[in-house]
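**Q** Residues per chain are reported as follows:
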Amino acid sequence: MKHWRWFDYKKPIPAPAVIGLGVSIWVIFFGLWEMSSAFGWVSQLLVPGPQKVVAALYNLIAERNFLGDVGISIYRIIASFIAACVIAVPLGILMGSFRSIEAFFNPFVSAWRYLPAPSFIPILLMWFGTGEAPKLALLFIGVVWFLTTIVMDHTKNVRTELIETALTLGGNRKQILWTVMIPAVMPDVMTAMRQMLAMSWTYLVIAEIVASTNGIGAMMMRAKRFLHTDEILAGIFVIGLLGLAFDFLFKIAHRKLFPYLETHGR
Amino acid sequence: MNTPQRNIKLSVSDVAKTFPVRGGAEITAVTDTTFDVMDNEFCILLGPSGCGKSTVLRMIAGLEETNGGAMTLDGHEIRGADRERGMVFQSYTSFDWLTVQQNVEYGMKLNRVPKAQRRERAAEFIDLVKLTKFKDAYPKQLSGGMKQRVAIARTLANSPSLLLMDEPFGALDAETRWNMQELMVSIVERTDTTVVMVTHDIEEALFLGDRIIFFSSHPGTVLENMLPEFKNGQRILKKEDALTLPGYADMERRIMRLMREQGTDHTDDL
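As you go down the protein sequences, you meet chains H and Z in turn.
So the first sequence is numbered by my numbering: it starts at 1 and just counts up by one.
So the second sequence is numbered by my numbering: it starts at 1001 and just counts up by one.
Read the hints as simulated data drawn from the structure, not as lab findings.
Remember, predicted model here, so these are calculated numbers, not experimental data.
Don't take each hint at face value.
[What the hints assert, rightly or not] Pairs of lysine-lysine, DSS-like flavour, derived with a Cα cap of 27 Å:
id : chain 1 : residue 1 : chain 2 : residue 2
1  : Z       : 1109      : Z       : 1140
2  : Z       : 1147      : H       : 174
3  : Z       : 1238      : Z       : 1109
4  : Z       : 1115      : Z       : 1231
5  : Z       : 1109      : Z       : 1147
6  : Z       : 1140      : Z       : 1130
7  : Z       : 1109      : H       : 256
8  : Z       : 1135      : H       : 256
9  : Z       : 1115      : H       : 174
10 : Z       : 1109      : H       : 156
11 : Z       : 1133      : Z       : 1109
12 : H       : 256       : Z       : 1231
13 : Z       : 1147      : Z       : 1231
14 : Z       : 1147      : Z       : 1135
15 : Z       : 1135      : Z       : 1115
16 : H       : 256       : Z       : 1140
17 : H       : 256       : H       : 156
18 : Z       : 1140      : H       : 156
19 : Z       : 1147      : Z       : 1130
20 : Z       : 1238      : Z       : 1130
21 : Z       : 1130      : Z       : 1109
22 : Z       : 1009      : Z       : 1231
23 : Z       : 1109      : H       : 174
24 : H       : 174       : H       : 156
25 : Z       : 1239      : H       : 251
26 : Z       : 1115      : Z       : 1140
27 : Z       : 1133      : Z       : 1238
28 : Z       : 1147      : H       : 156
29 : Z       : 1133      : Z       : 1115
30 : H       : 256       : Z       : 1147
31 : H       : 251       : H       : 10
32 : Z       : 1115      : Z       : 1130
33 : Z       : 1133      : Z       : 1239
Just chain Z, with the same shape it has in the complex:
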């Protein structure tokens, strides 16, 4: 966090996405989307529902094709899904038939990491997400928050260059959610991971984001690219500590207004 000169990790420029609809017409979901994410940055994609932020994340993951524009990761053009860009989804994606340990080893197994190394690295990341006691349990026996921790450990153990998260805590109850948010801060601090995370939760964005990209809806594009100045370039470890920082409330108010403007447009359309 202290190095002032940081390199560009992910570059998204002029990216667009259109979906075909009935009768040969097209809907523009995302247009002219341009932003950069720096090395070791926690970047939040924020915006009202239907603004295309998840589509942008899926294009970065290579799960969705772009219709124009260019994206590079570490200077290389992004083409298709790859272990370089590991994704954690909102819905639970633990493999039911594998134990926690086997789930975390899964990605490494696909990539033919030798067994001993796989074991050791999986144990390390299971410890990081505090699931060591449950390493031999099957996902069916775990709570929602624990399943998401398995997904995070599995993705990170596979050593991606970029961690993508699509509303990963959206299905969790409030208490579990902020526990997970604090866990994410400690993980990012300890592993120097670069993260791009989609959310529509403003508090989550403010607490986690080193950079917040706010999307407008219809069509989805970058409305504001914000660096939360109230943090002074430091990450906050406990959620309540953020609330008392000068500037936090101002930024929250500003984003809520943006959200209301962009959101109301949306309901008026209906």
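In isolation and in its complexed conformation, chain H is listed as follows:
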């Protein structure tokens, strides 16, 4: 890396430069934010500085049981997401494997996919009242149809030659499902789950803002009522952090579960 320039088409730049650039965008962002609030460029009430947001977060955790809200939000994500995966993954694999199963379910699944999940909020509230059920149901509806379709598409992309190889080795249909279709599609299923989890967070915030008294979204709506912009921003910050953490966990799991996808080393 002796001779390099900042601007060369598609050429690598040294690692320290990569890290430095990645850090500086955040330094600039926080710097501008801090300055705009310190110098009074924007209203202190509408845009509190970063320090105030951190202080608000500390205060929320220490005195207002914010971790309880965070906990309930995480519970909603995990419970609804597991339920959606338990239905969507097997169904998607079966639909992608067998044309008859696809022909039966697909008209139904596709139709539901085009209904925006939040449009169900009023009816879910009438059916399930104000407990956990309507929130879990919304998150479930928001994920299950999409995930089914994506898993189906990935399963359809399992190469025919792999199936035919197993057939000419004497495999029966059941063996091929378990030893070819499922292992072949699993890495893509994990990737699809990772993407759908991000969607799940979106529906969670909608559910908690519209129809909840607890959870991160509900805390933010309460803060709005008392003009606590610092708490709202703290909520957004925590949601972003949790999203990143979940994504990171999925990435690690992917690497651990499918070591054979690495080209070098063992």
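For this one, chain H is given, so just place chain Z on it according to the hints.
**A** Relative to chain H, chain Z alone:
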């Protein structure tokens, strides 16, 4: 190779294949196809692209239905895909999630061969294709030629009665290809396997084939059933040794002319 009286292993008679096209019409891909393959013979199906040779191979494998005609293997009628007829494809079919060893054991596992026996037999065939050093590697770490060797070992370890190969070396670079061809000769010599292999590579056909079935195109059918006489009933172990044999060039020239005739017809159609 020395037994003059050999039995018929595979018999293909009057086999036909039609594909439906839009508007209820049909295209005849293969028609009146008849040939026999003897026990322990390396049979090549050769012809221009689009002549239906791969379709014939797939029908023998049981992966494609026939529309008329009959096929028997060891005297039994062929019905559907079966471990009796193991197939190696042009595209790589190693299972990414299994090591080389597990890939080679895979067929035997499907057929419930006991574990110890499976291990031993897999090791034997991995050795045969010279991959012992890589037995614990995953396919992603292997070159194209090595992946094809895994596929060959996996199929043979499953003890099929007939080995089918659909342009198995078509995706490999020239040097790897002739290494693989020489490896195939040594494997067939050592295991007494009967092979039916599709190719459009004339040199490959001449080097490997104990029998060469040449297909015409539109519709696909057997144009010539040739026994390469220049080999005198012996297999050639090194590719360069074939070139100097009297009669090799004549046969190559003859097949190239056939290929040109059948191939040009095809381009004129377009």
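**Q** Hint by hint, work out which the structure violates, then give me just those numbers in ascending order.
**A** Going through the list in order, the structure violates hints 3, 4, 12, 13, 25 and respects the others.
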